[in-house]
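Taken in sequence, the protein lines are chains A and B. According to my numbering, the first sequence is numbered sequentially starting from 1. According to my numbering, the second sequence is numbered sequentially starting from 1001.
Please note: incorrect hints may appear among the correct ones.
[To be verified] Using 27 Å as the maximum straight-line C-alpha spacing, the simulated DSS-like pairs for lysine-lysine come out as follows: (1) K1184/B <-> K76/A; (2) K155/A <-> K121/A; (3) K1184/B <-> K130/A.
Simulated from the structure, these hints should not be mistaken for lab results. Every value quoted in this text rests on a predicted model; they were computed, and no experiment measured them.
Below, each chain spelled out in residue letters.
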Amino acid sequence: MGNRLIDLQHITKIYDGHPVLDDLNLYFNENEFLTLLGPSGCGKTTTLRILGGFETPDQGRVIFNGQDITHLPPNKRQLNTVFQKYALFTHMNIAENIAFGLKISGKSKAYIDDKIKYALKLVNLDGYEKRMPDSLSGGQQQRIAIARAIVNEPKILLLDEPLGALDLKLRQEMQYELIRMKNELGITFIYVTHDQEEALTMSDTIVVMNQGYIQQIGTPEDIYNEPTNAFVADFIGDSNIFPGTMVEDKVVRIFDRIFPCVDVGFGCNTPVDVVIRPEDVELGAPGQGTVDGVVSHLIFKGVHYEMEVTACGREWLVQSTKMYPVGEQVSIHVDPFNIQIMNKPESEDEEAVVLDV
Amino acid sequence: MYKRSVSYPCILWSAAFIIIPLLFIFYYGLTDRTGAFTLSNLAAIATAENSKALILSLGLSLLSTAICLLLAYPLALILSGSKIGRSGFIIFLFVLPMWMNFLLRTLAWVVLLDTNGVLDTLCKLSGLPRFKIINTPAAIVFGMVYDFLPFMILPIYNVISKIDINVVNAARDLGANSFQTLYKVIFPLSLPGVISGITMVFVPSLTTFVISTLLGGGKILLIGNVIEQEFMKGTSWHVGSGLSLVLMLFIIVSMALSTKYDNGEGNVL
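Chain A with its partners taken away, still in its complex shape:
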C-alpha cells in the first residue's frame, strides 16, 4: 500500500434536516482494497456518491492527489464507478459499452479495440463483443460493468454493492475475481457493502460505519478480533455481548462470575461490554469450567454445530464441532485471550444498534 490518494475532510451531508454524514474524516491509500461496511442508512453509499461526484457535501472537502475536487463534476474525476444494478447501456452492444468512456476521451480506434480485448480477457468474457447486455446473466453483466469502468484506467474504482443482486455461489466466485483484478490492476478499490462476510473476505481495510459515523477502521482481523464497541462486534460475525464490570486489570466480572482476561487500562469497577465469539466458548463436563449451564438449542450448520446454552440466566451462543444434545448439563470456559472488553458507548452517537443478524 502506497501514499494517500484521496482524503475526505470534515464531510457533512444533511438530507431533510437529518444528518447522513456528520464530520466524517477518512483517507484512502494507493493500491488498497477498502470496504465501507454498515447497515443500510449508515452513510456508506452517500460517502461513495460524494467520492464519485454525484453528491456535493454540505460541509467539508474532498482532496484528490492534493487537489480540491469537492465541486468537480463526475465526468472530470479520475475515478470510475461500478453501480449496484450494473447500469449498462442497453442500446449498445458489449464492445460499445466498454468503449464508451474511451470514445468520449477521443482515443484512437486501434487503442480502443486493444482495450476492449484486454478488459474482456480480464473479466473472463472473451468474445462477447457483439452481444447485447440483455442477453447476459447478472454475473456477466456485472463483469461488463467492471470492464467498462477499468478500461479508463481510473486511479480509483468505486464499487457500490456490486454483488448484491447475484446468488451466493456467484457472489463468492466474484469475490475472488475482484481480489484478482485488484491485484492485477494495482489500483485502489473502494467497495461498499452491508455484507460483513464479503468485507472480511476481500478487504485490506474495513471501515465500519453506523448512523453517519465511523465506528472502527482496521484490517479484517482487527475488526473481527478486536471490535471497539458493541455495534461493531454485533455487526461483524456472530457474538455474545454481555454487560460486565472490569474489576481490575485482567479481571472482568460477568453475571457475578469472575473471568480472567488480557485487557488492561479500563480502571477499577468500570462497567464495560464484553464480547465473546461463539466459536471461542468452550464446553465441557459440569463443574470443569467457569460457569455451568444447560444446552437449550441445537442446530447443525454443516461445518459446526450451533448451540445455545442457558447459564446465569442468559443465552450463550456456542459454535463447536462437538455436539451436546439439548438438555445436557455443561460447563462454559473461555480462554482469557478470547474475551474482548469494550467501553460502554459514551454518547448516543456511538450507541449500538440492535440488529437481527
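Given chain A, put chain B in place with the hints provided.
Chain B in isolation, oriented as in the chain A frame:
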C-alpha cells in the same frame, strides 16, 4: 384466466363499428357506381387538386409533429428529472385540456386568432403589427400543435422517467458531459417514446379536417377536407373511399415504422 366469452362484446363491437365499415370502405373504394371493379377511385389522388391537398396535409402534419417534438422533448426531459415533475402535477396540467371537447378547444382558438379576435385586438391596442394568421396554414399548424401536444409529451415523459438514473450517472462517470449524456444515452433510450409520440401526433394531424375547417376558414383544403366533401357534399362515396384507402396506406406505413422501433414501452394511451 378469464373465459373467452368475456371478450365477445368487444369482438362484437369491433365487428360492427370497425371491421364492417372498413369492408364497406374497401367495397366503395374499389368499385364504381355500377358496382364494377375499378382502380380509378384510387387514381383520383393524382388529380391536381387532390394531390395538392395530400402534399399540403403531409407537409403540415410533418411540421406540426416536428414542432410538437421540439416542444415536448425538453419539457419531458426537465419534468422527469425534477421533483415537481415527478409528482405528476405539471403532467396533469398538460393532460387536463385533453378531457375537454376537442371541437371546443379548436373553436376557442378561432376566437383567439380571428381578425379582431383576442390576440389581434391586443396587438392593435398595443400598437404592434396586426396579428392575422387565421385562415392560413400557420393557424392550422397552431391548432394541430395545441391539440396533439399532450400525445407527444406523455409517451416521451413516460419513457424518460423510467430510465435508470444510474445509467445516466454511469455515462457521466465515464466522462460524458451533460450534452454527450443526452445524445449518446438518454435520447437513444427514449426513442420508443419518441416514435410513439410521433405516430400519435402525425396520424391524427394527417387525417384531420376539423382543424383545417375551423382555423383554415374553408379556404385551405387538406386531404381530410377533400374526403369529407366527397362524402358530405354528396359528390361520390366511391371517390371518397378510394382517397381514404390511399390515406390509410400512409397511416399503415407510419404505424408499421412505429411498431418496428417501439417495443410497447412508449404506449401509454
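Now the hints, each set against the structure:
1. K1184/B <-> K76/A: It holds: about 18 Å lies between the C-alpha atoms, which stays within 27 Å.
2. K155/A <-> K121/A: Distance of about 20 Å is within 27 Å: holds.
3. K1184/B <-> K130/A: holds, 18 Å
In summary, this structure violates none of the numbered hints.
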